[in-house]
Amino acid sequence: MIFLGTIREILLGHRTFLWMFFCLIFLGWGLSGCRSKESSVKKKHVLEGLDRRTKLRFKSYFAKGHVLYQRHCSNCHQSSGKGIKSWIPPLKNSDYLLRNPKRNICIIRYGQDSIIRVNGKKYDSPMPGFPQLSSLEIAEIITYVQNAWGNRGGFLSVKEVQMYLERDSCRVRF
Amino acid sequence: MLRILFVQKFILFLLIGLFWACQSSSVSLPILGPPEHRIQAFRFMNQDSLWVDNQTFKEKIYVADFFFTTCPAICPIMKNQMLRVYEKYDSEERVSLLSHTIDPIYDTLPLLRDFASKLGVETQKWHFVTGDMDSIYHIAKHSYFAWAEADDQAPGGYLHSGHFILVDNKRQIRGVYDGTVPASVDSLLVDIDLLLEEI
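Chains as they are written, first to last, in the numbering used here: chain A, 1 to 174; chain B, 1001 to 1199.
If you're looking for bench data, these hints aren't it; they were derived computationally from the structure. Incorrect hints may have been included.
Stated by the list, open to error - Pulled a few chain A residues facing chain B out of the computed Cβ check, cut under 7 Å: (1) 86; (2) 87; (3) 136.
Said to hold, decoys possible - Taking lysine-lysine and the BS3-like style, the derived pairs with C-alpha atoms no more than 25 Å apart in a straight line are: (4) B:1060 - B:1088; (5) A:85 - B:1118; (6) B:1170 - A:85; (7) B:1060 - A:82; (8) A:85 - B:1141.
Built from N, CA and C at the ideal position, the CB exists for glycine as well.
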């Protein structure tokens, strides 16, 4: 009885605290709902059907690709992937980027100076090549840009990049 | 009772003090460089094939920088930051921007024109100018204290400082900012507001 009494006292005496406590719990619950929904949708889409090993690879590619992107590409294409006006094309939601992952290998290795259309808009400024980047680094960057900012391009492995570059496929014009 | 009065007075003094501090902190920008330093007379041509000289900025303040259109490293960052200035003072006629190419051989007038239109820029506000190479390098070094020179070991073939230089209506330098650092350009935007009150 005494025990219950004290509990009642605490509850009544600290009503404000109690309210705050409940509010916090409610808020936390709401927020966690948001987060888990968002990330689960994303994961399901990009990683669906991949085996465990590839999933792990994807994660490490994406993380390292992010760092490489910041260092080599973000000055032009921006951290947001939005590009700069009609000068630098966007990578976020770029139909050009997502249509042909293999072509991106060549663009990064050798650069590109042609007239292209990205999401219906014309771009014709030159982009320098990055011959110093290894096949692995190219794969990591592409995996990053294909899946950052809401892009849904999936995984590109270093094997594919290597094979592609060895066969000298970049000479074929797109 | 006494104590409350005391606290009230204290708060009053504090407020007055704060006010005073705020008032005195709104000083004008310093004048930089050696005494009597002015941007020397110049005459360059802009993307619309019009002459740009000191008269162009007679009753204006302007932000100057040095770049080249094919610069792969810091120029995109600089241009993106300069766009912030351009957009903020879109309708303020007293603010102009002046970008000098340091690669006048490659950056021809049509190319500069093309470049400006890619950035969606109007001439009246943002001039992309070219001219005699030596004059550009000379004015960079001696008037704006900016660094620019050809260097085959630098990305794109030129080495240059990414600075934005704020010049007032008397051709005096009032501020120097790092055009590759957003926070530094934040203070440029604040300083332009200050300078506008002065002219």
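Taking the hints in turn, this is what the structure says about them:
Evaluation of the residue 86 (chain A) hint against chain B yields a held restraint, the C-beta minimum of about 4 Å falling below 7 Å. For the restraint placing residue 87 (chain A) at the interface with chain B, the shortest Cβ-Cβ distance is roughly 4 Å, inside the 7 Å limit, so the hint holds. At about 23 Å, the closest approach between the beta carbon of residue 136 (chain A) and any beta carbon in chain B exceeds 7 Å, and the interface hint on this residue is violated. Taken as a hint, the residue 1060 (chain B) and residue 1088 (chain B) pair is honoured in the structure, with Cα atoms around 16 Å apart against an allowance of 25 Å.
Between residue 85 (chain A) and residue 1118 (chain B) the CA atoms are separated by roughly 7 Å; this keeps the pair inside 25 Å, and the hint holds. For a cut-off of 25 Å, the pair hint linking residue 1170 (chain B) to residue 85 (chain A) is broken: about 33 Å separates their Cα positions. This hinted pair does not check out: residue 1060 (chain B) and residue 82 (chain A) have alpha carbons roughly 33 Å apart, beyond 25 Å. Distance restraint check for residue 85 (chain A) and residue 1141 (chain B): the Cα-Cα separation of roughly 31 Å exceeds the 25 Å cut-off, and the hinted pair is therefore not satisfied.
Going through the hint list in order, the structure does not satisfy hints 3, 6, 7 and 8.
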